[in-house]
Structures are given as C-alpha cells and as structure tokens.
Amino acid sequence: MLVSRRAKAAAAAAVSLALLTSACGGDAGDDDGGKTTLTLGLYGTFGYEEAGLYDEYMELHPDIKIEQTVVAQSGPYYQALQTRLAAGSGMADIQGIEIGFVSDVVQNHADAFVDFAAEDDAADLQDTFYDWKWDQASTTDGRTIALGTDAGPQAMCYRQDLFAEAGLPTDPAAVSALWPTWDDYIATGQQFSSSPTRPEGTAFVDSPNSVFAPAVRQGEVTYADDEGNPVVEDSDGVQTAWGLASRAAGDGLTAQLGQFSDEWTAAFANDGFATIACPSWMLNYITSQLGDEGAGKWNIATLPGQSQAGSTWGGSWLGVPSSGEHVEEAKELVEWLTAPEQQVKMFVSQGFFPSSSVAAESPEVTGATSEYFSDAPIGEIFGTAADAVRRNPISPYDTQIQDAFSQALTTVADGSRSPDQAYDDALAAIEQVTG
Amino acid sequence: MTLADDSPRTLTATVEPAVTDPPAAVRPPRRRGPSLSRNRWGYAYVAPFFLVFGAFSLFPFLFTAWVSLHDARLSDIGGGEFVGLDNYAALLGNEFFWNALRNTITIGLLSTVPQLCLALGLAHLLHYKLRGRTFFRTVMLMPYATSIAAATLVFATLFGRDYGIINTALEAVGLDRIDWESGTLSSQVAIAVIVTWRWTGYNALIYLAAMQSIPGELYEAAEMDGASRWRQFVHVTIPSLRPTILFTVVVSTIGAVQLFGEPLLFGGNGATSGGGRNQYQTLGLLMYQQGWSNFNIGQAATTAWAMFLIILLVVGTAFGVGRLRARREGARR
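Those protein sequence lines, which keep their order, are chains A and B.
Position 245 (the first sequence) corresponds to 245 in UniProt numbering; numbering is contiguous.
Position 196 (the second sequence) corresponds to 196 in UniProt numbering; numbering is contiguous.
Extracted from the complex, chain A is given alone in its bound form (with noise of 0.2 Å):
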C-alpha cells in the first residue's frame, strides 16, 4: 500500500514532467517514403534554391530530399552554430561557413568538420578551386573542412542617372577613368556634391564603409599577420583605408548608413546615394531591394586603386559535419553544388561570383553581362577584380575587426567624433575582441 502510493506519487510527477518536456522533443523524421532526407543549415542569400539547383539534384537522385533553413544575417547564424559545436550535436548536414569565420572554425573546431582533402579525388577536387579559396579553408596539416562556394571581387556600382543629373560621365570605361585611385574616387565625390546640378537629397557614397571596406584589402597586410594572428596597428590596408574613409566621412560625402539598417535598405529606393562598392554579392542584393524598378538605373565600374591591387569581400563555404547521419551523401551533394558547372549557373543566373578558377574561365563566365546593370559586362568586371586580388591572410577576428571600423566611421560621418578619436574607439572596440 505504502509502496504503491509512494510509487503513484512518484509517477505523477513523472508524468507531468513528461508533458512539460515533450513538447521540446520532437524528432524530425529521418524517412519519407524511403527517401534520405539532407538538410542545409545556411545564412543570408545563398541562391541554390531561386537558381533551381536543389530541384535538380533531387531529380537526378530521386532517393534524396533537400531541405534548408536560412538565417537571416551571418553574425546570428554563426552564434547558433557555435553553441552546436561546443555541444557536438544539432548541426545541420550541410552547414555554410563564411569568410568571416572561416578563420575560426579551420583553427579552433577542424576536428567537427569532414576533411575533403583525404577524398580519393581530392586532387582533382581541389584543381577546381582558386588555390586561396582552397587554403583558406584548409587547416596547417592539410584538412580541408568545407568547399568554396562564391567569392566576392569588388568592383563600384554607381547610379548612371543620377550621374547624368551631376554631369558627370555615364559611360562604364569613362566612370572607371574617373578614379584610378581612391583619392581621384573622392575627388570625384567632391564634383559631385558640388554640383548645382546635383540630384537633392543624394549624397555620393551610402556609407564610409564603401570605402574602408574595399580598400583595407587592398594593402599588403588587412588584419592579420601571415600566421593568422590579429595586427590591426601595424597595417597598412588599414591605415589607408581608415585615411581615406575618414576623410570622405568628413567631408560629408556619404550618406551615414549604416549598411544594412532599415534605413540603408529604404535609401536605395529613395536614390539616397550614387555609388556604392559592390561586391559580386552585392547585385543580387540590389536587384531583389529595387525590383524591376531599378533596372537601367545602375552600371558597374572598376574599383578605385585595382591597378595596384584588387579587393574581395564575403565568400562562403559549404563544410559536412563529421556527426551528422548522412555524411556520405552530404559530401556528394557539397562537391556537387560548389563543382564548376554549379558555380557557373549562380554566376549566371544569381551573379555570385564563383571560387572555382575553372568556372570563373568559361566563356560563360567571363562573357556574362547583366541587362539589369545596364548591360554591364559583370563576368570581365569580376573575372578581371578577381586576377587582381591579393590574397592576404585572415584572421578569426576579421568580421568584429570591420564592425568596429565601421561603427566608428559613422561617428566620423555624422560629426560627433573625429577621425583620431574614432580611430582610437575602434582600436578599445577590436581589444575588446583580441586582447
């Protein structure tokens, strides 16, 4: 009697935890109608399912299902996977890597990730790749943990109407010969503010990071030493770029967004700037925030200061997760989606520049134009950006590193700091990160 009240009590409290922690269990179903089900953990836009080429996998082995989950920003995705690793469970199949951080998981979590260079074809695999690509995703003892997807070389879109409304040239090659370097690109900015005939209400550049951005990569040194570490001080990307972002903040040439706010995102169609550095990226982002309006309104120049030295910025990986349950099919489905002729098609269809040298040289590549951007020929402007990069080391620290710089160009922008004061800001920001 006891014991089986005891017992009773014992069960009841069972039972309502049960039903409290149910609800938080839910297991996905592995099997559908025998099918093997892959899942995507990806960030942002990465375009394989507007590009069609999950459809097409799918047809050609009908046993798989694909699904994806995407987070809309890189900085949150990049901080649910973390958790994940440090709890080696509730990984996707598939999870993207960004450049960001590629840095980070390639030194502190290779051992989660399967390592493609211990593929049979891992020689053939890796031929199709830029040799940077391969590396930076490769750890010192020659793990390779994820697969390039797209790379981002840089080049300057700008508005060609609003040009015309400044008299300034509209034509691509005359617009590059404007500014072959960053001092003529300010220059040019300080025509155009200038201007009485000057579209109201459009500044020049949308943010001081159009300029930092790009420019920081294009030094000898970004942020990081050849072995990784952070050296922010000593850069000399860094000191230029800081030079010249400052001083187009100051002069009030841009626009004092902060790229990607709400508010950047409305200046876009508000004609809220004329210029803006774009990576291959970019044009996706452009085209799906202006839709069919924008079409003919932007053309795409060469970046300031590439005859010195190109620019990339973003670029993504796709890793396999050596717990997941599918790793075998994982992998094929990763050497499928970033192999040539894949990166061919999101070039061509979604204008993500690809990481394969041999899909960047196909003529399909490099005669690509876009009737959006005014029939830019986006595959000679990238394909050339692309040759002329440096290939600088990063750090794990890259993404807050840019961050700090950023926010602290928009003190400079909007006049409550000086460009030393700001400076030092970001340099307490980034020893917040490093130190």
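Honestly, the hints are just simulated from the structure, not real lab data.
This list has only true hints and no planted wrong ones.
Partial pick of chain A residues on the chain B-facing surface, computed with a CB cut under 7 Å:
id	residue
1	Q82
2	S261
3	D262
Just so you know, even glycine gets a beta-carbon here, dropped at the ideal spot from N, CA and C.
Start from chain A and add chain B according to the hints.
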C-alpha cells in the same frame, strides 16, 4: 482508483495545518509526524516546478558563476583556463562596463521616473467613475501585451533619421530634424520612450488596484476637512500607496538594469555595440556583445553576475530605505 481516499487528508495536512478538528472518523491514527511521506502528494505536485526551476534557473545561475571564473569561449563554454577573479578585475577596469553602467542608469531614470509618474496620474484618473472605464483600462494594458520586438521595430521606424515620421512632424512645425540614433541624449530618450510606452499601463493598473483598496472614509474625512482633490491625492492616495510604489519601483528597476531588447533592436542592423560611440549600450547589451559578438563568454558571464549584484544592491537599498522610513514613522507615533 484509490486516489479519493488519499486526497482530502493530504489537503488538510498541507494546506490547512491549523485546522484542529478534522472529522475524526476519516482521520486514521497518527503513525508518524508530519513527515515527507504524509505530504508526498504535495511534494509530487510541486516537484515539476522545482525540477524545471533547477534545470532552467538554478543550474544556469550557478553555471554562469562557474563560467565567469574561466577564460571561456562561446564554442567551448564548459572549458577554458581557470582564471579566478581575473574577469571581475578586468570588468572593473573596463571603460565599456562603466559606460554601459552609466547608460543603464540614465536610460533607467529617463524611463522609470516618467513611467511611474504617468502611471500614477492615469490610475488616479481611472479611479473616478468614468463612462467606459473598462475600455480605457483594457486599452492601457495593450502595449504591455505587445512584443518588444514588434514595438521596438515600429518605434525605430518612427525615430528614423531620414524617413521617420517624428522628424517629418518636427520639420512640418519648423523645427530641425534630429538624428535620434547618433546622439547620446536623443537615442536614450528614444529608447526610454519605448520602455515608457510599454510599461506605463501595466503600472497604472497595479496602482489602480491598490487605490481601490484605500477605504473611502479617508477621502470623506479629508473632504470634510476641506481638502481639494489634489490635496486628497497627495495626502491620502500617495501615502496609502507607498508599499505599492515601492514594489513598482523595485520591479521597474530590475527591468531597467536588464534592459536589452529595446537598445539592440533600436540600432536596426543587429549591431550589439549600442551605437557608434556605444551611446546607448546598456549592461544587457554589453553582456550580449561580449558573449555573442566577441565570443568571450567568460567575460559575459562576469557581466551577468555584476548585473545580478547591482540588482541585489538596488533592491536591498530600496527595501532598507522603506523599512527605515517605516520605523521612523512608527517611532514618531
């Protein structure tokens, strides 16, 4: 089921131990004292709460303390080198901490003071017999029922520099546009407005409930002495509400120290720095930046504990002051 023969007895035992005269026929002979097994149903029913509390409150609380003693990264929360109180020393020498503390205090004052004053006034008005006061009371609580994210996103749009409706209105009456986000005071005021908007109605309802328990005779007596409505409010309502006011001050202060969602979303692009000069970075936001932008979870855990200690200090002071006052008044009588 034999449930029925157990429950009345245990109910008496747990809920009303003071009852001295239970029906003797039902009550079995006392075998033991009021021990664990006698109250087992009570324990069984409260067990889930304490298990969940332990798993989701007590354990994280202690674990955070443990993490704060380590140089831990977000991707290796349980690991990292043991550094003792180094994180705490670093926090006290960190200008970002003091800046965030200052911001937390100023935003806290800017939001709590107007919010409680407004709430008191609103409660006083709603205490009168108004036509449709149920409607007003319901409407007042609606901001509280709105999600922080939705409210903040709407307010951030209203306060937008270029396309915000507030700047448009300012311009329409001939004033200058304000760059709300980039100024120190302006950004803090904007955030305080969001907090005030959200919590005023909630506090007003609490005051209203307390007002309704003030005996009407006090007001009648005051009226006979010739006190105006205002003097009644000052000399009858406020003193009677003092415990309630203390309660709302404590709750609002805790909320102010923990302020996080509003400043995070007010920035608009997910930045955790609280503005270019950290001009509206609160302690909560600083903690988030340390842990989830800089991945320095040990430092973030330290900040979390510092926040907890600050709350203890503030609440302790508030109650201490309240008690001191009560004692002094007792002595005066």
